[in-house]
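Please work from the sequences and hints to get the whole structure.
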Amino acid sequence: MLHKVEELKWVVLWILVTVFVFAIFIPTVNRALNL
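So in our numbering, spot 6 of the sequence shown is number 10, and the numbers just go up one at a time.
Incorrect hints may have been included.
FRET-style restraints, in silico, Cβ to Cβ [unchecked claim]:
1. Leu6 x Asn38: 25 to 33 Å
2. Trp18 x Leu39: 29 to 37 Å
3. Leu37 x Val16: 26 to 34 Å
4. His7 x Ile28: 26 to 34 Å
5. Phe29 x Val9: 29 to 37 Å
6. Val9 x Asn38: 43 to 51 Å
7. Lys8 x Asn38: 32 to 40 Å
8. Leu6 x Leu39: 48 to 56 Å
9. Val9 x Asn34: 31 to 39 Å
10. Arg35 x Trp14: 31 to 39 Å
Read the hints as simulated data drawn from the structure, not as lab findings. Quick reminder that beta carbons are idealized off the backbone N, C-alpha and C, glycines included.
Take a look at the structure:
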């Protein structure tokens, strides 16, 4: 059970990191395309 909890924490961490990167990256791309 503990192993599954560890895996779940890593999955959640990767999701948060991915969302964070997209939140920064997409507006930057939009700005670049508008220029």
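Problem - Hint numbers contradicted by this structure - result: Checked against the structure, the hints that fail are numbers 1 and 7, while the rest are satisfied.
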